[in-house]
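From first to last, the protein sequence lines are chains L and Z.
The opening residue of the first sequence carries number 6 in this note's numbering; numbering runs sequentially from there.
The opening residue of the second sequence carries number 72 in this note's numbering; numbering runs sequentially from there.
Per label pair, the in silico range of CB-to-CB distance:
hint, chain 1, residue 1, chain 2, residue 2, range
1, Z, P132, L, F19, 39 to 45 Å
2, Z, K98, L, P45, 25 to 31 Å
3, L, Q76, Z, N124, 33 to 39 Å
4, L, S35, Z, E111, 30 to 36 Å
5, L, K74, Z, Q152, 42 to 48 Å
6, L, E25, Z, Q88, 43 to 49 Å
7, L, N73, Z, Q152, 44 to 50 Å
8, Z, Q121, L, S75, 32 to 38 Å
Just so you know, the hints here were simulated from the structure itself, not pulled from any lab data.
The beta carbon of each residue, even a glycine, is placed where N, CA and C say it ideally should be.
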Amino acid sequence: AQSVTQLDSQVPVFEEAPVELRCNYSSSVSVYLFWYVQYPNQGLQLLLKYLSGSTLVKGINGFEAEFNKSQTSFHLRKPSVHISDTAEYFCAVSDLNQGGKLIFGQGTELSVKP
Amino acid sequence: NAGVMQNPRHLVRRRGQEARLRCSPMKGHSHVYWYRQLPEEGLKFMVYLQKENIIDESGMPKERFSAEFPKEGPSILRIQQVVRGDSAAYFCASADYTGGQETQYFGPGTRLLVL
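One chain only, chain Z, in its complex shape (with noise of 0.2 Å):
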């Protein structure tokens, strides 16, 4: 069973443009989640996603940063118009919470450079 799988595993991005960070969740994993890591810092939550809805974003700056989780493919993190700021690990995790599993289950990351 392959595990979580993000990609790019590292990108670099000019100020102004987009970036788009892709995670595949484990086989049978219906819930996402999405974290940043900024650098010496610890993982902040950014969002939880379910297929097709958003459960909680309470993480999510509120401005350029957005997330999506489609019936089919894989979840996607948006970020428009990067600035410096934005420069960071962003790790997603996935889980199964049938059964009383409650583990997350963490991707490599993609460590986006902003230039």
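Chain L with its partners taken away, still in its complex shape (with noise of 0.2 Å):
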């Protein structure tokens, strides 16, 4: 069964510096890749996604990630954090054999100080 891995359950910065969030996926011959974001008591947010095509995919807020099939890897990275940014998030598979469900990893809490 696909599973998904945050390397990293709390990740503090501070603001202006880079960061980087890390997920890893079980390998699957096709996979959708996707980041959310949820800030507290709401729902969760689409960041940006991976379904095919370039390696690299930039999403909203600055954010960017890059897809590694060799490493099954799909890190997430802001070169300059913002205090707003400050907020969990989620890395998550769609397994195309399983209907399109989302299997999430554990969430990174990514707080940014001043």
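The task is to assemble the complex, starting from two chains supplied on their own in separate frames and drawing on the hints.
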């Protein structure tokens, strides 16, 4: 069965510093990859997605992620974070052979400090 | 275009009562997914429905939980005889898979507290 691992449960970082949130998934022939952000007491908002094509994907709020098939990774990056980026970030995989349901990682809590 | 709507946003029930959670998908979306987020955990898939059909219920607990998505009206997640362990945030997501759109859009969630 497909699984997703987010290697860091918490990532503290200072404002304007770069950040990388790591995500690895178990190998599968055909997957779609997503990053979602969840602000406190809210639902999930899509940041970006990889379906096919270019392995570097750009999303909203200045985030980007790179799909690396050989390392089965989909790390999320931002060159300069803001206080408003403080939130929980979830990596998810959709296995095309399992009807499109999303398999989520445990989440990474990004805390941006002034 | 309104987003995915869920109600109620917060629901308090005593042990043994029933909880009904509603989800109205985005306009034109015919695919609905339910996920549960337990405290300090990620989201776990529960069930996938299309209009009048349950497609995949592999994540649903075997007892007390049921889901439907009727031809008219919202999708309903029903929990009978709730227990404290059912306390969680329940999220619904909808999707439209025509034209290669593979994205699920999430509602704000219903936070269930069982006393």
